[in-house]
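All chains, please: the whole structure from these sequences, using the hints.
So the chains spell out like this:
Protein chains: 2
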Amino acid sequence: MAFFNPFPQSRRIYVPGKIYPDLKVSMREITLDDPKCPVLPVYDTSGPYGDPEKTIDVNRGLEKLRAPWIRERLEKDGRHKTQMEYAKEGVITREMEYVAIRENQKMDELFGGKGDEITPEFVRSEIAAGRAIIPSNVNHPECEPMIIGRNFLTKINSNIGNSAVASSIEKEVEKMVWSVHWGADTVMDLSTGKDIHETREWILRNSPVPIGTVPMYQALEKVNGIADDLTWEVFRDTLIEQAEQGVDYFTIHAGLLLRFVPLALKRTTGIVSRGGSIIARWCMVHNEESFLYTHFEEICDILAKYDVCVSLGDGLRPGSTADANDEAQFAELDTLGELTEIAWKKGVQVIIEGPGHVPMHRIRENMERQEEKCHNAPFYTLGPLTTDIAPGYDHITSAIGAAMIGWYGTAMLCYVTPKEHLGLPDRDDVREGVVTYKLAAHAADLAKGHFAAHFRDDALSRARFDFRWNDQFALSLDPDRAMDYHDETLPGNGAKSSHFCSMCGPKFCSMRISRDIQEYVKTGKLSHQ
Amino acid sequence: MAFFNPFPQSRRIYVPGKIYPDLKVSMREITLDDPKCPVLPVYDTSGPYGDPEKTIDVNRGLEKLRAPWIRERLEKDGRHKTQMEYAKEGVITREMEYVAIRENQKMDELFGGKGDEITPEFVRSEIAAGRAIIPSNVNHPECEPMIIGRNFLTKINSNIGNSAVASSIEKEVEKMVWSVHWGADTVMDLSTGKDIHETREWILRNSPVPIGTVPMYQALEKVNGIADDLTWEVFRDTLIEQAEQGVDYFTIHAGLLLRFVPLALKRTTGIVSRGGSIIARWCMVHNEESFLYTHFEEICDILAKYDVCVSLGDGLRPGSTADANDEAQFAELDTLGELTEIAWKKGVQVIIEGPGHVPMHRIRENMERQEEKCHNAPFYTLGPLTTDIAPGYDHITSAIGAAMIGWYGTAMLCYVTPKEHLGLPDRDDVREGVVTYKLAAHAADLAKGHFAAHFRDDALSRARFDFRWNDQFALSLDPDRAMDYHDETLPGNGAKSSHFCSMCGPKFCSMRISRDIQEYVKTGKLSHQ
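These protein sequence lines are chains A and B, in that order.
Just so you know, we're using the working numbering here: the first sequence kicks off at 715 and counts up by one.
Just so you know, we're using the working numbering here: the second sequence kicks off at 715 and counts up by one.
Since the hints were derived computationally from the structure, they do not count as laboratory data.
What you were told as hints is all true, and nothing was included just to trick you.
One copy or two, it doesn't matter: identical chains are merged, so the pair holds either way.
Below, a list of computed lysine to aspartate or glutamate pairs in the DMTMM-like style, where the Cα atoms sit at most 25 Å apart: (1) K1210 <-> D1198; (2) K1162 <-> E1082; (3) K1162 <-> E1079.
Everything numeric in this text was worked out from a predicted model, so none of it was measured.
Next comes the structure, spelled out in structure tokens:
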């Protein structure tokens, strides 16, 4: 599969566990011409696609990494337990040790842990407390464990999925692989068109990252797109179907209650969540409370059986800065807090979805209220977009809000592409969206002080000051683009060791002059004069 | 000149003054199919280029709008006074009323002022206090007045200029026009190659926005690029030459003192300012205090004569997140505070330059320290970039920091293009950089509550909810891109009134469903079933 160029100066490594020595935690190791840091391992979401030794056949699917772990536990316990149940019992699972190692990126080994590195026991305690989740459906053994929680690296989600207007199965699988190549930590399949079951099956069997869905979309297809014909039974059967396939988390808009709908209809942009608008219509037309709310305990029973996480959807998120932090939005958020406690009692892992469109000065209130009302369950936001006037650049308006809310404690950021509000993203848009959100998440990690975050920045900055151009490219989130941009004006290998670039030229390169001064202070000799 | 497409549904309007009825403050008025807001005037930096009635000949230069104002004052006062001198004397100049009207964008007339609109007297008082500047060299009469200060709209600067490696005069003039078309409030000409005087002359005579320079670059050319041969006299003559030409503000790195250089040499990335590294080398090699510092009073005497503003440069800004907020940076910032008081005594308008590379959690300290040490002179920052690992996307890593520091009170944001650290920006990079910074500045204006900011967001959101696609495009910062992205999957005029786009398709369009529910509540009738 030649979906992408391999990353330069990179090789795949596998790190064993200490509790479970058979673990093979995958990372990408970048080789550098830097005595302070000859190799730098980095977090790697690409799974087997990032290992040139592996032969991948999309018709057969990926290796079932977790199958023996899951089987062993089933044999011992007689039923599937969720990661939360194990955590509460004090058990550190293989998944937990895997993510602990993965979070540290070997920085504890290479640079010393200082006590703030991530331990397996810390992972367990965060999951037990509901402050973090490991999405890991027992029927998605291809998935490499990862953790979502405020005390871990900020994660990003990439949305794929065909709509009735465009796209195909092959394209969606390719978009998933493309997303994880660039760094998507989870992928949501938001397909709404035909072949929804088959598309999902292909994606799941070939995905090394957790897959999320909004089951309402398929339920609606089952009633021929007539929202008013939806029933609890159709929805329930859809949940079971998708849980059986291996979906790792479901977005369910169970907090959107009948009495909240009139609050939302008064707004500038009404209801802007697809799932939210469907259930709102159902509630209003039937003049009945949402079946997602009235049947929430049964929903949790199904989810617990497979260890599917619930992502409590914000059907009333604001779709414009004018609607931010309004009564409708917060009424629903408070309800999500009630539902969180119900899910936890059933052992179901929970994350909470958040906005949306929010001007910068109103972002923090979202985080604080979410933590308070939802008892510190991880927050998972879409942006937020900090202004409404830049369609075509909404990956950027939203990256501003995303970086900020990530710093404040949001655990996962749902990407926004340049096509937001305008059309279905293509391959280039997905790359732009994923890389933009990687940098926003990384900015958040630096700001919140994640143990492993700053080493890569520092290595890149040293490479920059040393004019090691190839090392700069290799350490970049998107080496292909960095190299292409550099080479537009200064192509060729000679320019890769030049002590300048075309931005300032040789005479005005401040870093070159800066090095000359250092040299002068050391040796008393002047160069370049 | 067919440098760009005119903005859709737009026409140029001119608003007269009340104190000075002969003023013609230019704005762009967007016509909308919105009963709440049939026309929306927006801030317009494009000058005569945005008025189809005007014939422009770049060989003759633009109309000298301010020439009679300047002449009248000179005749009355017998010498040129700066805007700050007038402000302190209690005089409201034409420039001051112009910017007051410009800042309000007619929102006071259209939607009512609520007392928080900008008055000419408020403009005067802010300039008198040093909290704002109007860059307006008496020899740049082509310039339309604009104001830079924390209590006004956040401004953005676009850098142009050839380097020794690439570019030409024609290209630089075109980049200036292109920059102001997309919304640059000021343009810095950072040319360093040959023909530096002639390039600047072309830019000045054709620029409707203030032009800034770093005079050190030309001074260095005059001594054949040998930094050690620089002298106060060469620098002084360069200042006079550029002031005579009409440059509106000079970046001068006068706060970089000899004793600070060793602090900077210890850093991960040393000195990353071009002007800073040149003067640092001069200081070290001569073992002498910087002539920019020792001759600062004479510099101010020259600037006052032409009303050139000084932008006190941050030669020791951090070039990596590792170096953020360090001793070198803050030692220089404190010195800029001393220099501010000297300049103010001479009647010179002052802004202070700021970083650079700063992780999010350390941004606020920059703003707070700047305000305290520099006595509330306006802050003008480059980004800051919030992570080092995304070359190729540094317009985005820096837009995050820029939006935040703008919200905290920074008055002007210097744009960063996708080519930052990699090469000289081309036309596409300039557009990408300017629009990205416009959205960051606008996000800051919403967050800090500028009176006129939210009307455009609200108009666009209403257009979105009403499926008025053409109005959405017209209200966008970059209508061309919004339209192109939309039309990639749904071209043609029919799709411009469709109640969906290709992102979700008709059945899953939440806004469409939302409107159906509204309709149902009103009429009891169901649609789309």
